[in-house]
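Colleague: Quick note, the sequences are listed as chains A, B and C, same order. Take 1 as the starting number for the first sequence in the working numbering and just add one per residue. Take 1 as the starting number for the second sequence in the working numbering and just add one per residue. Take 1 as the starting number for the third sequence in the working numbering and just add one per residue.
Honestly, the hints are just simulated from the structure, not real lab data. Predicted model only: the values in this text are computed from it and were never measured. Even for Gly, the Cβ is constructed at its ideal location relative to N, Cα and C. A hint or two may mislead.
[What the hints assert, rightly or not] Below, in silico cross-link-like pairs of lysine-lysine (PhoX-like), each with a Cα-Cα straight-line distance of 20 Å or less:
(1) B:Lys-81 / A:Lys-54
(2) C:Lys-39 / A:Lys-142
(3) C:Lys-146 / A:Lys-133
(4) C:Lys-39 / A:Lys-139
(5) C:Lys-39 / A:Lys-173
(6) C:Lys-39 / A:Lys-238
(7) C:Lys-237 / A:Lys-133
(8) A:Lys-31 / A:Lys-78
(9) C:Lys-146 / A:Lys-114
[As the list claims (entries may be wrong)] Just the calculated beta-carbon pair ranges, DEER-fashion:
(10) B:Phe-5 / C:Met-227: 46 to 56 Å
(11) B:Leu-123 / C:Pro-311: 28 to 38 Å
(12) C:Ser-31 / A:Asp-320: 47 to 57 Å
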Amino acid sequence: MKVLKTLAVASALTATAMVGAVSADTVDDVKKKGFVQCGVNGGNLTGFSSVNDKGVWEGIDVDVCRAVAAAVFGDASKVKYTPLTAQQRFTALQSGEIDILSRNTTWTLSRDTKLGLNFVGVNFYDGQGFMIKKALGVKSAKELDGATVCVEPGTTTELNLADYFRANKMAFKPVVIENMNEVVAAYLAGRCDVYTTDASGLASQRMTSVPNPDDHIILPEIISKEPLGPVVRHGDDKWMDIARWSMTAMVEAEEKGITSKNVDAMLKSNDPGIKRLLGVTAGLGEALGLDEKWAYNIIKQVGNYGESYEMHIKAKLGLDRGVNDLWTRGGLMYANPAR
Amino acid sequence: MTHKFIEPKAPPISDRSVVGWMRNNLFDSPLNTALTIIIAYVLLQFIPLVLDWALFSATWVADSDACKAGSGACWGLINAKWRFILFGTYTYDEHWRPFVGMLILLGACVGSTIPVFWKPMRLLLLWVVSSVLLGIIMWGGIFGLSYVENTLWGGLPLTLIIAVYGTLFAFPIGILLALGRMSNLPAIKSFCIFFIELIRGVPLISVLFMSSFLLPLFLPDGVNIDKLLRAQVGITLFTAAYLAEVFRGGLQAIPNGQFEAANSLGLTYWQSMRMIILPQALRLVIPPTVNSFISMFKDTSLVVIIGLMDLLGTVKSVIKDPEWRIFYAEGYVFAAAIFFFFCYSMARYSAYLEVELRKGEGH
Amino acid sequence: MEHLNDEGVRAILYQVLFVLLAGMAVWYLASNTISNLEKQNVATGFSFLNLEAAFGISETMVDYEPSDTYAHALYVGFLNTVKVSAYGIIFTSIIGVIFGIARLSHNLLVRSVATVYVDIFRNIPILLQLMFWYALIINVFPHPKKALNPFSDVFLTNRGIYVPIPEPHPAYMWMLIAAVVGCIGAYFLKKWADKRQAETGQPFPTIIAGFGVVFGCALFAYVIGGMPTAIDTPALKGFGLRGGWNMSPEFVALFVGLTVYTSTYVAEIVRSGILAVPKGQWEAAESLGLKRSYILRHVVLPQSMRVAIPPLTNQFLNLTKNSSLAVAIGYPDIVSVANTTMNQTGQAIEAILIFMTVYLTLSILTSLFMNWFNAKMALVER
């Protein structure tokens, strides 16, 4: 019987090691465990979230999580990543497996309501496009009548695709496979004529997964609006505030011209807005329940939005700022006032 | 129906000479001659092609460009990626740990096949000791081993862990379900029948979906369980239902006299089960249990659908690399060979046991 | 406290306790679920079934548009499950019986080929096999523009197999009806032939005559219907081949994978079924002067079927359940459609419940049918 008892205790210990507790208050919970659990794209989507040669996660989506960690802990490296497929992402968030989902997820009404999610904001404005082999000689999405289209299931893309072909009275055959890599593999093998996803995703796949990028073109039509942004669980406003304002701080920093390089110098700035943001004038940190240095840490360790964009999207995918530029330069990035 | 007298058959041809053997085995009727010729022709066409692809024209160096230049199989893929395929994302410098862990697990499995260990306490001890060792070596965190969280585990060790522990935990549950199904207590009996038939009536993938998507919802607010444990729960429940039916077969094979004799000795239900019935019944069902384990071992590959990096998962992840994408066949063949090795040897073992145990019946 | 030792009282006590415990467990889980869903504001209920599905499905046996409802999309998925399972079961039986017999052949070559086939394909996970077949089909077969063309108007491409089919015409409907009538006729013919054989010993070529009746009826309907000859031939148009009858690579991979995998199990069942027939039966039949093939067909197989039917049922059910792995290679079966539905609506519980119910129903129906069949086949003991 003694052996039985040992066994029972051992299995109970193992089980507790694998069962975590999530309180209703994600912030307290995150602080207690010492890191932010961040759900990212598991398909190595260069520019958004991918593992580099040194085994480190990087990308514009990853930076959101790093910013949150910098705000909460003052250390952007206190993040653990959970790679997810489109199918798994919402369940992972709902079940508490992750604290924040930053996986190029489109903000839609149904997701915000029926799926029990809360969108924090938009870190990349995108739209859905088509990639096709150059040899087919197609110049416009309007010529795609009768095409076979590879698409990832459980996405807004899958729905927009059907909408677009319906609206243009064209026929199509979808090929829908479980995860992004499978879908791309099917497209490359020639199972489909066209691959559709967010335009940035197409650019990313063309850069990384396609053996001869020049043989493939991205059609000019953008058929949908895809505001991509991080998501948190419904019903946890405190955590949502932290996530939202961590993101905002990055845009605000760019508006105010603060970068990771000059942030220390900026501490001596006379601009009251900069002083508030960097915690020289106290108040904002306390309002969020964080250290007053929260925004300073984000900018210092992660950079401002422009820096993040340059490093991940511009440098790796060659995509210009476009609509993702600051509102002052004609784009959509507009930081709500941090005061 | 025939009305004619049948001519006596010619005497059997001697099997001793090569020609005689061939006539007996390959050309003993027109149909067989035709089949022999057709199959021999197809094999002669087919085998050289396969051999050429797999061996003679194959590229062995770990370089995808060399592979693309060659005309045969690209074993360079395996050469370049075997560590990732076998051990997945486990910390690279610590790969010896999952390897040792695998040996411990296999050792425990092989140990369980030796009759010396076929005593409940010994078996229990064997598994407790090896499980503790396995936990230490895989998780680490003590004895100077760095901590490796189980989200990083992958490849063959993960496949083995899920399959072995799935069966191990399913064992007691299966016994209880089988006893419950044969019990006279209607409430317990109907519950067990309901559970067994429910699980056996649906595909494993739906049980895995249940455990991976729905289990978190069933648990109280604030409790979150690991993805690996969730998959393990699903697989365990699934296996338990199948094992229950195997055990029921064993229980039904025990003559009624044994139950009656135990009763008349004044043993309680649990005493008679533990001391009289189960030892006999379980011995009878060892071969089908091994078969059930083989199925389980193969079915663990389904966890790739819920996002765990088992052996199939690591192979798929290797062949998504654009450099190696066109060598998918080699990746799959490698994984298939590993699965085949395990399943086939277990199947042989189960067949051997069947013969051995029948010998022991002594009549 | 004395009555606690009474066995009957204790039995009731145990059961009450058990029911209470089980009830509490269920109540606990259910209340957790409800509170979790409420807290996160996740929608519940089956009303989503009437909403517009808005996603496309690549292959459908009935008309389907993205503007149809989720309920209809799931129905389309269900039909696809039935389709691949039905094809799978038919071909698995045929191939399984052939290999089962071949494993017992006197011919060494035949026997070894069958053994290698069975050993290899039953010891590799079905999911791996499916993925392999799928990758093979889409990578090895050419683009429709360079389609392999083994027979005229038959095309093998990485978009699937295309074969010509007759264009729709009412005559085909009549042929189907006539064939059904022919089947009924053949059934009565068999009854008559059996009766006559029992009375007079005169055999009657029932199989040939039966086929004759069925085909004759169909042919008659074809002639009466106006002998339509228009053929819908697949031809290159736009992005690929259009027209004809198409089997998608997803379907082919799933069908081949399921058939090959399950047929190894069927072969083993058939083999042990044949081995279960006592040797005396062979010898007795041989001494009556019957030919080997005749013995196999009329003496041994009918007896071994009795042994083999229960495990065969299981294998057919397994095949149906394994068809759910379609989700991994993109064949739109019920699980795959339910999976998409669950992601678009966020209602995981409902979606999983739906396909679990479908499989349970299929399982129960198959068992009921097989039980009936089993009873019919069982030896009539006198």
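Colleague: Work down the list of hints and note, for each, if the structure agrees.
Modeller: The hints, checked one at a time:
Taking the CA atoms of Lys-81 (chain B) and Lys-54 (chain A), the gap is near 17 Å; set against the 20 Å cutoff, the hint holds. Of the pairs offered as hints, the one joining Lys-39 (chain C) and Lys-142 (chain A) is violated, with about 44 Å between alpha carbons and a cut-off of 20 Å exceeded. For a cut-off of 20 Å, the pair hint linking Lys-146 (chain C) to Lys-133 (chain A) stands: about 16 Å separates their Cα positions. Annotation: proposed proximity of Lys-39 (chain C) to Lys-139 (chain A) is violated, straight-line Cα distance about 49 Å (limit 20 Å).
Distance check on the hinted pair: Lys-39 (chain C) and Lys-173 (chain A) sit about 39 Å apart at the alpha-carbon level, beyond 20 Å; violated. With a C-alpha separation of about 15 Å, the suggested pair Lys-39 (chain C) and Lys-238 (chain A) falls inside the 20 Å cut-off, and the hint holds. Between the alpha carbons of Lys-237 (chain C) and Lys-133 (chain A) the distance comes to roughly 17 Å, so the proposed pair stays at or under 20 Å and holds. Between Lys-31 (chain A) and Lys-78 (chain A), the direct Cα distance comes to roughly 10 Å. Compliance with the 20 Å bound is thereby established for this hinted pair.
A C-alpha spacing of about 47 Å is found between Lys-146 (chain C) and Lys-114 (chain A), which places the hinted pair above 20 Å, so the restraint is violated. Between Phe-5 (chain B) and Met-227 (chain C) the Cβ separation comes to about 52 Å, which falls inside the hinted range of 46 to 56 Å. For the hinted restraint 28 to 38 Å between Leu-123 (chain B) and Pro-311 (chain C), the CB-CB distance of approximately 30 Å keeps it satisfied. At roughly 53 Å, the beta carbons of Ser-31 (chain C) and Asp-320 (chain A) sit within the given window of 47 to 57 Å.
The earlier numbered hints that this structure contradicts are 2, 4, 5, 9.
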